[in-house]
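Chains A and B, in that order, give the protein sequences.
Going by this note's numbering, the first residue of the first sequence is number 309, and it counts up by one from there.
Going by this note's numbering, the first residue of the second sequence is number -2, and it counts up by one from there.
For the record, the hints were derived by calculation from the structure and aren't laboratory data.
Ideal placement from N, C-alpha and C gives every residue a C-beta, glycine not left out.
Among the hints, a few may not be true.
Straight-line Cα separation of at most 20 Å, DMTMM-like style, residue types lysine to aspartate or glutamate; simulated pairs [claimed, not checked]:
| no. | chain 1 | residue 1 | chain 2 | residue 2 |
| --- | --- | --- | --- | --- |
| 1 | A | LYS365 | B | GLU88 |
| 2 | A | LYS365 | B | GLU90 |
| 3 | B | LYS65 | B | GLU2 |
| 4 | B | LYS52 | A | GLU390 |
Restraint ranges, calculated between C-beta atoms of paired labels, are given here [to be verified]:
| no. | chain 1 | residue 1 | chain 2 | residue 2 | range |
| --- | --- | --- | --- | --- | --- |
| 5 | B | GLY25 | A | LEU319 | 34 to 44 Å |
| 6 | A | TYR408 | B | ILE62 | 28 to 38 Å |
| 7 | A | ARG375 | B | GLY39 | 36 to 46 Å |
| 8 | A | THR388 | B | HIS75 | 11 to 21 Å |
| 9 | B | ARG55 | A | GLU409 | 18 to 28 Å |
| 10 | B | PHE15 | A | THR388 | 44 to 54 Å |
| 11 | A | PRO369 | B | GLU90 | 15 to 25 Å |
| 12 | B | PHE15 | A | GLY370 | 31 to 41 Å |
| 13 | A | GLN362 | B | GLY25 | 15 to 25 Å |
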Amino acid sequence: KAGVTQTPRYLIKTRGQQVTLSCSPISGHRSVSWYQQTPGQGLQFLFEYFSETQRNKGNFPGRFSGRQFSNSRSEMNVSTLELGDSALYLCASSFVGAGYEQYFGPGTRLTVT
Amino acid sequence: KNEVEQSPQNLTAQEGEFITINCSYSVGISALHWLQQHPGGGIVSLFMLSSGKKKHGRLIATINIQEKHSSLHITASHPRDSAVYICAVIEQETSGSRLTFGEGTQLTVNP
């Protein structure tokens, strides 16, 4: 079974630009969660999507948004990029959610200059 | 104070040593995850616990719900165990997969 894939793996953007990251979950998984990892804040939850609906949202500004498609693939978008958005963005999929094992993708390394 | 605290933050061991990493949390939880992150960023889920004890190879994870504490043990440690180990909890009132993470423990195992 193929693992969780994320594209692109690396990205360099300029302040003020917007970016879209993609996550393809394991086949059959309907829950996709997004996380941000920075040296200063560690891992933080961004949001979770289940069956095309946002089920949970972390404490991030509205510049961070996401969506999930009918095939469970998910995208997250960050508008008006700031230097502090430089981070490793990870997605994880699970069959249903809370009580199930999380499978993480390799991450997208975003650098904002 | 963080909701999830791990100790120690850094741990250096010699190959073959028995290792313990601790995780304490301050909220009611429905489950706790132990994760492993290697250089480069990839995260692997080692265990998901809601009670008791689980074992996989040389790894053992325990949880005491009443004391709000979990431990990850590595028996006969090996240099390939060198990684960051992260404890993450799912709070009781949360539906879905919202994880709250500890700061991680950097483990280095020397040959």
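Hints, one by one, checked against the model:
no., hint, result
1, A/LYS365 <-> B/GLU88, "holds (14 Å)"
2, A/LYS365 <-> B/GLU90, "holds (14 Å)"
3, B/LYS65 <-> B/GLU2, "holds (11 Å)"
4, B/LYS52 <-> A/GLU390, "violated (43 Å)"
5, B/GLY25 <-> A/LEU319: 34 to 44 Å, "holds (38 Å)"
6, A/TYR408 <-> B/ILE62: 28 to 38 Å, "violated (19 Å)"
7, A/ARG375 <-> B/GLY39: 36 to 46 Å, "violated (25 Å)"
8, A/THR388 <-> B/HIS75: 11 to 21 Å, "violated (46 Å)"
9, B/ARG55 <-> A/GLU409: 18 to 28 Å, "holds (19 Å)"
10, B/PHE15 <-> A/THR388: 44 to 54 Å, "holds (50 Å)"
11, A/PRO369 <-> B/GLU90: 15 to 25 Å, "holds (23 Å)"
12, B/PHE15 <-> A/GLY370: 31 to 41 Å, "violated (48 Å)"
13, A/GLN362 <-> B/GLY25: 15 to 25 Å, "holds (24 Å)"
This entry does not satisfy hints 4, 6, 7, 8, 12, going by the numbered hints stated previously.
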